[in-house]
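K.L.:
Take a look at the letters that make up each chain.
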Amino acid sequence: MSAGTMLSRAFSRIGYHVLTTNEYPSLIRGGHNLITTRISSKYFESLNKDLHILVALNKETVNLHKSELTEGSVVLYDPKDYEWKTEEFSVPVVLMGVPLTELVTQFKGPPVMRNTVALGATIAVLGAPLETLSEVIHDQFKDKKQAIIDGNIAIAKAGYDYIIEHYKDKTSMHLAPSAKREPHLVLYASEAVGLGALKAGLKFAAIYPMTPINALIAFLADHAEKMNIVYKQPEDEISGINMAIGASMAGVRSMVATSGGGFALMVEGVALSGMLEVPIVIDLGMRVGPATGMPTWTEQGELQMVIHAGHGEFPRIVLAPSDGAEAYSMTIEAFQLADYYQVPVFLLTDKYMNESQWCAPLSLFKKDVAINRGKVADESKLPADGSFKRYSVTEDGISPRSFPGMKNGVYFANAYEHNEQGYVSDDPTNRTVMAGKRLKKLETMKKDMRGPSVYGDRNADITFVSWGSSRGPVIDAIEILKNKGIPSRLVHFTWMYPFPAELTQTLLGNSKRIIDVEQNATGQLAALIREHTGIEIKEKILKFDGRPFYPEDIAEKVRNI
Amino acid sequence: MTVTSEDFKTAYKPTWCPGCGNFGIWMALKEALAKLGIGPSDGIVVYGVGCHGNMYDWMNMYGFVGLHGRTLPVAQGIKLANHSLPVIVVSGDGDGLGEGGNHFLHAAKRNPDITVILHDNQLYSLTTGQASPTAKPGFKTKSTPKGVFDAPVNPLLLSIASGATFVARAFSGNLPHLIGLMVEAVNHKGFAVLDVMQPCVTFDKEHTYDWFRQRLYQLESEGYVPDNKLKAMEKAMEWGDRIPYGILYKEQKPTSEDHESAFTAGPLVKQPLENIDLEEVLKEFI
Numbered sequence: 029m030s031a032g033t034m035l036s037r038a039f040s041r042i043g044y045h046v047l048t049t050n051e052y053p054s055l056i057r058g059g060h061n062l063i064t065t066r067i068s069s070k071y072f073e074s075l076n077k078d079l080h081i082l083v084a085l086n087k088e089t090v091n092l093h094k095s096e097l098t099e100g101s102v103v104l105y106d107p108k109d110y111e112w113k114t115e116e117f118s119v120p121v122v123l124m125g126v127p128l129t130e131l132v133t134q135f136k137g138p139p140v141m142r143n144t145v146a147l148g149a150t151i152a153v154l155g156a157p158l159e160t161l162s163e164v165i166h167d168q169f170k171d172k173k174q175a176i177i178d179g180n181i182a183i184a185k186a187g188y189d190y191i192i193e194h195y196k197d198k199t200s201m202h203l204a205p206s207a208k209r210e211p212h213l214v215l216y217a218s219e220a221v222g223l224g225a226l227k228a229g230l231k232f233a234a235i236y237p238m239t240p241i242n243a244l245i246a247f248l249a250d251h252a253e254k255m256n257i258v259y260k261q262p263e264d265e266i267s268g269i270n271m272a273i274g275a276s277m278a279g280v281r282s283m284v285a286t287s288g289g290g291f292a293l294m295v296e297g298v299a300l301s302g303m304l305e306v307p308i309v310i311d312l313g314m315r316v317g318p319a320t321g322m323p324t325w326t327e328q329g330e331l332q333m334v335i336h337a338g339h340g341e342f343p344r345i346v347l348a349p350s351d352g353a354e355a356y357s358m359t360i361e362a363f364q365l366a367d368y369y370q371v372p373v374f375l376l377t378d379k380y381m382n383e384s385q386w387c388a389p390l391s392l393f394k395k396d397v398a399i400n401r402g403k404v405a406d407e408s409k410l411p412a413d414g415s416f417k418r419y420s421v422t423e424d425g426i427s428p429r430s431f432p433g434m435k436n437g438v439y440f441a442n443a444y445e446h447n448e449q450g451y452v453s454d455d456p457t458n459r460t461v462m463a464g465k466r467l468k469k470l471e472t473m474k475k476d477m478r479g480p481s482v483y484g485d486r487n488a489d490i491t492f493v494s495w496g497s498s499r500g501p502v503i504d505a506i507e508i509l510k511n512k513g514i515p516s517r518l519v520h521f522t523w524m525y526p527f528p529a530e531l532t533q534t535l536l537g538n539s540k541r542i543i544d545v546e547q548n549a550t551g552q553l554a555a556l557i558r559e560h561t562g563i564e565i566k567e568k569i570l571k572f573d574g575r576p577f578y579p580e581d582i583a584e585k586v587r588n589i
Numbered sequence: 016m017t018v019t020s021e022d023f024k025t026a027y028k029p030t031w032c033p034g035c036g037n038f039g040i041w042m043a044l045k046e047a048l049a050k051l052g053i054g055p056s057d058g059i060v061v062y063g064v065g066c067h068g069n070m071y072d073w074m075n076m077y078g079f080v081g082l083h084g085r086t087l088p089v090a091q092g093i094k095l096a097n098h099s100l101p102v103i104v105v106s107g108d109g110d111g112l113g114e115g116g117n118h119f120l121h122a123a124k125r126n127p128d129i130t131v132i133l134h135d136n137q138l139y140s141l142t143t144g145q146a147s148p149t150a151k152p153g154f155k156t157k158s159t160p161k162g163v164f165d166a167p168v169n170p171l172l173l174s175i176a177s178g179a180t181f182v183a184r185a186f187s188g189n190l191p192h193l194i195g196l197m198v199e200a201v202n203h204k205g206f207a208v209l210d211v212m213q214p215c216v217t218f219d220k221e222h223t224y225d226w227f228r229q230r231l232y233q234l235e236s237e238g239y240v241p242d243n244k245l246k247a248m249e250k251a252m253e254w255g256d257r258i259p260y261g262i263l264y265k266e267q268k269p270t271s272e273d274h275e276s277a278f279t280a281g282p283l284v285k286q287p288l289e290n291i292d293l294e295e296v297l298k299e300f301i
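Chains as they are written, first to last, in the working numbering: chain A, 29 to 589; chain B, 16 to 301.
Since the hints were made in silico from the structure, they are not lab data.
Here a beta-carbon is modelled for each residue, glycine too, at the ideal position from N, C-alpha and C.
Check the hints yourself; a few may be wrong.
[Claimed, not checked] Quick list of simulated restraints, FRET-style, between CB atoms:
1. Ile301/B <-> Lys108/A: 28 to 38 Å
2. Ser391/A <-> Gly281/B: 25 to 35 Å
3. Asp250/A <-> Arg257/B: 48 to 58 Å
Turn these sequences into a full structure, and let the hints guide you.
P.N.:
Below you can see the structure in the form of structure tokens.
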């Protein structure tokens, strides 16, 4: 567990809202690694630009982030790395030298525990009780020996005490008191996907390692034994999706996860799922492409790809959660929809979401889920004369499934065009009927289709549109603009496909000024909106440098456009 | 209820060329399943794409007709979802070793309890006769008019080296022997590979039934014991005037499924999905 996680959980436990992101190059050690945590007594949606405390574990960190500091920012550093002087900063900052290395040595800890000293010191600068951190450390190491727990707590306390002793009068960072609230989870969106999958009855996952979904692999592998599921590491993504489709055809809820490059390999499997009408959930954690791109940085570049991926025409559903809480609830929704419609269902997540730690209320995860497996044949009612039709033509396009092993349920899950029993057929009438039956589901899906959500001032002249993880920064930008007397609203999409055209038309049809906000270079949502509604969005705030939006930048651009 | 080969009949007639080596494999499979007491509802066959794969239309049994080369990932997924189900893979040398080559060696190393029947005729016959990965040097095909240059993939050697725990060569022209091998392969707990020599009567005028009959000899009749990896590899490399067939290698090892603790609660497909209790897991994140 990183220092950022412990800091976030410590503050979450005493009632603060937190959000932590993790930025690093694609290297295991070395390079510049950055953890950013925002802590507030008020609810917020994204990271902002204000930097109040910079904790530097080397000289380079201070150099890289100097320009982001504001008047009164605290710089916490080890004088052994470099003796910083106030005149080296363009704004008046509070310098707090803490002998991180020396304190670790004093307590006989390994050098990597400078982190823990810094964590204790940060808690002191923020004026929070040390006990909160001690408890998090205790829970984190609860399976370890008492001596290890005590050692970690002692090192954190050394950092804490050092600040109290040397800088007590200089700390002005004390947070506003927090209100009492129900317990909150602090978790990566990837872990929220994993929890959602477990809650939805996932039984099988085949996932090839790839940033940014590795936390999901760790979560599923760690909990496989306790939760009676199988996580299998396949030899490649092609194998992964074919394994998951096999498991799903055999009757269990299955998923895969990957990023753009791995998904490129899976595409044939999407078409297979479409033809066989086998449910499958695909979590695509988007990162910067094309090709290997910038593997550890974020982007929303695969919306158009997943809508069109797979040869031939067949229905699918694409969902794009906005944060950790939605990653949980939409994963459950994805499994329910996949089973109900017997189609591939996508979860479009991204690096920013998956590797950020979100604060979400415990009650969300405790809600009951009524599992609906859709049309599954009742084994006792299958006809004994062998006339079961797995692909029977129905009004809603959905046919009953049997699972291998069910008596009298024999059929072929056939990748070739097939008749109602699964036998191959290239008869033109049969082809037209079967293709029509599958595509009929696009109509049926309308009853579950969700239109975009509206945030902010519903009567505002300015309308932002966004999807997925861009929601947070836009909502916070709306707040900034509101404080400057500029009302605005957000029309935000999480149900991406089949596209809710009529609902979108209703919401956007009379808008005076629409601004598209997306983390890609071409405005893929704007293109989708134009395709389905004819509405052309001319103003776009697009970002494709691998870094998530800051709300301040969005607000600033609105005023400048 | 006893199972007979008649139970696998469908209303469809085979579309293979008269005399095709696939007929022998198909007939042997029906007989072997009958002997094993595995009826149409009791197991599943996962088919590849190629002439071999067209078998499903005239094989009344749960079937998965997937994409070219992907039989083994699909079969492993099915087996993990329901490990009580016999899973048989009907694949070809092109399907299983060309497009599916990577899957083949990784499946072998995991040792899932799956039987692979590899229809091996050195050709892509459904696409009218191009060289397959097992095509021997000098073999003239539509894609190699001057003869194959490359070294052939040796499915037996590859299987043994990759960790398969039952490796045998069979011949579609010797039905009783083939049926016996299929029964043993399905009964074997682990990854069983049956490399079946299967003449293509349309696109190969060289490797005919007679060509094989003149060369094949049964390993068991020479007192060969299939319990040594190195000896098995030696036998796997024997190809020329004398070609061995029968079981080359066999060992008992834990299967892929044996490692899954989730199966102590029964096959995944039989486990309940309702009311999953996350209480303990949620605590880790507070």
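K.L.:
Holds or violated: the 25 to 35 Å window for the beta-carbon distance between Ser391/A and Gly281/B?
P.N.:
At 32 Å between Cβs, range holds.
K.L.:
Should the hint that Ile301/B and Lys108/A are 28 to 38 Å apart at their CB atoms be regarded as holding?
P.N.:
Since Ile301/B and Lys108/A have Cβ atoms about 36 Å apart, the given range 28 to 38 Å holds.
K.L.:
Is it true that Asp250/A and Arg257/B lie within 48 to 58 Å of each other by Cβ?
P.N.:
Once the Cβ atoms are compared, 54 Å apart, the range 48 to 58 Å for Arg257/B and Asp250/A holds.
Comparing the model with each numbered hint stated earlier shows that all of them hold.
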